[in-house]
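Q: Here's the letter readout for the chains.
2 protein chains.
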Amino acid sequence: MRQPVDLPKAYRLLNHGPTVLVSAQHDGRQNVMAAAWAMPLDFEPPKVAVVLDKATYTRELVEASNHFALSVPCQAQARIVNAVGTHSGRDQDKFAAYGLHTLDEPAAHSPLVSGCVAWLDCERLPQPEQEGRFDLFLGQVTGAWALSRVFSSGRWHFEGHDHLRTLHHIAGGQFFAIGQPVDGSK
Amino acid sequence: MRQPVDLPKAYRLLNHGPTVLVSAQHDGRQNVMAAAWAMPLDFEPPKVAVVLDKATYTRELVEASNHFALSVPCQAQARIVNAVGTHSGRDQDKFAAYGLHTLDEPAAHSPLVSGCVAWLDCERLPQPEQEGRFDLFLGQVTGAWALSRVFSSGRWHFEGHDHLRTLHHIAGGQFFAIGQPVDGSK
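Same order as they appear, the protein sequences are chains V and B. Each residue of the first sequence is one higher than the one before, counting from 1 in UniProt numbering. Each residue of the second sequence is one higher than the one before, counting from 1 in UniProt numbering.
Hints may contain errors.
[Claimed, not checked] Listed below are the simulated BS3-like cross-link pairs for lysine-lysine, each with C-alpha atoms no more than 27 Å apart in a straight line: (1) LYS9(V) - LYS54(B); (2) LYS54(V) - LYS9(B); (3) LYS9(B) - LYS186(B); (4) LYS186(V) - LYS9(V).
[Claimed, not checked] Here are the simulated distance ranges between beta carbons: (5) ARG149(V) - HIS26(B): 43 to 51 Å; (6) ASP6(V) - SER185(B): 34 to 42 Å; (7) ALA171(B) - GLY132(V): 50 to 58 Å.
Hints were generated in silico from the structure; no laboratory data involved. The beta-carbon is built from N, C-alpha and C at its ideal position, and this holds for glycine as well.
Using the sequences plus the hints, can you model the full thing?
A: In C-alpha cells form, the structure reads like this:
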C-alpha cells in the first residue's frame with residue numbers, strides 16, 4: 001500500500017543512491033526518463049538535485065511546467081527502466097509504449113509511475129545558469145510517498161521482497177539491486 | 001591493486017550511488033567527512049556534485065585549496081564512515097583519531113583514503129552563489145583510481161568480495177551494501 005512519507009524524512013527515499021525515473025507533464029503531454037544522477041540536496045524543506053540532459057523531452061516538460069516527479073523503480077522493473085532510459089519520448093508516448101501506468105494521486109503535480117516503490121513530487125527551483133551550463137536541476141519536494149511493504153517509519157526494509165529492491169545503474173542497462181543492511185553505528 | 005581509471009569512465013565509480021568520503025587539505029591541515037549526497041554530473045570531462053554543509057571543516061579546506069577528493073568506502077569500513085560522518089575535524093585530526101591512512105599517490109591534490117575501493121581527485125568549479133545558497137559544490141575529476149579486485153575494464157565486480165562492497169547510507173549509521181547484478185538490457 002502507498003503511504004505518505006513525512007517530508008523531513010523524504011531524503012531517505014534517495015539517500016542510498018537509487019536510479020530514478022523522472023517524469024513531467026505539460027499541456028496534455030507527459031514523458032518519463034531514467035536518471036542515475038539524482039540526489040537529496042536538503043532535509044527540510046526537502047530538496048533534490050537531478051541532471052537532465054538538454055536533448056531530453058522530459059526537460060522540456062519540466063521547464064514548461066516547473067514541476068517534476070522522481071519515482072524510485074525496483075528490480076522487477078529493470079527492463080522498463082533501461083528502455084525508458086534509452087529511447088526518446090518525442091516520437092511516442094513512452095507510458096503507452098512501455099505499458100507504464102500513473103498513480104491516481106490527486107496531490108501530485110507530475111505523473112507518478114506505477115510499480116515503483118517510492119515517489120517524490122517536486123517543484124522546480126529555477127536556476128537558469130546552472131541548468132544551462134551543467135544540466136543541473138534543483139527541486140523542492142512537495143509530496144512524498146512509499147510502498148509501506150518496503151518503507152515505513154522512515155526506514156527501508158527489503159527482506160523477503162527481493163523484486164522490490166531499488167536499482168542502482170552501472171552502465172548499459174546493467175544494474176545492481178540494493179543489498180544487505182550494514183550497521184556502522186556500533 | 002590500485003589502478004588508474006580512464007577519465008571518461010570515472011562516472012561509473014559513483015553511478016550506482018555509493019556514500020563517499022570527502023577529503024581536502026590546505027596549508028598542512030587535512031580533513032575527511034562522509035557524504036551520501038554526491039553524484040556524477042558529466043561524462044567527459046567528468047564532473048561531480050557534492051553537498052558540503054556550511055558547518056563542516058572539510059568545506060573550509062575545499063574553499064581554501066580549490067580541490068577535494070571523493071574516496072568510495074566499503075562494507076569493512078562502515079564504522080569508520082559513520083564515525084567520520086558524525087564528528088568534526090576542527091578539534092582533532094580525524095585521520096589520526098580514526099587510524100585512517102592516505103595513499104601515496106603523487107598525482108592527487110587531495111588526500112585519498114586508504115582501505116577504500118575507488119577514488120576521484122577533483123578540482124573545484126567555484127559556484128559561489130549555489131555553494132552559499134544550497135551547499136552544492138561542483139568539481140571536475142582530474143584523476144580516478146579503483147581497486148582492480150572489484151573494478152576493472154569499467155565495471156564493478158564484487159562477487160567473492162563482500163567486505164569490499166560499496167556502502168549506501170540510509171540514516172543514523174545504518175547502511176546497505178550494494179547487492180546483486182540485475183541485467184535490464186535483455
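Q: For every hint, state whether the structure bears it out.
A: Going down the list of hints, with the structure as the test:
With a C-alpha separation of about 21 Å, the suggested pair LYS9(V) and LYS54(B) falls inside the 27 Å cut-off, and the hint holds. For a cut-off of 27 Å, the pair hint linking LYS54(V) to LYS9(B) stands: about 21 Å separates their Cα positions. With a CA separation close to 23 Å, the supplied pair LYS9(B) and LYS186(B) stays within the 27 Å bound. For the hint linking LYS186(V) to LYS9(V), the alpha-carbon distance of about 23 Å falls within 27 Å, and the restraint holds.
Hint check: ARG149(V) to HIS26(B), Cβ distance near 48 Å, so the stated range 43 to 51 Å holds. Range check, ASP6(V) to SER185(B): Cβ separation about 37 Å, and the 34 to 42 Å hint holds. Here the CB-CB span from ALA171(B) to GLY132(V) is close to 34 Å, at odds with the stated 50 to 58 Å.
Hint compliance for this structure: hint 7 alone is broken.
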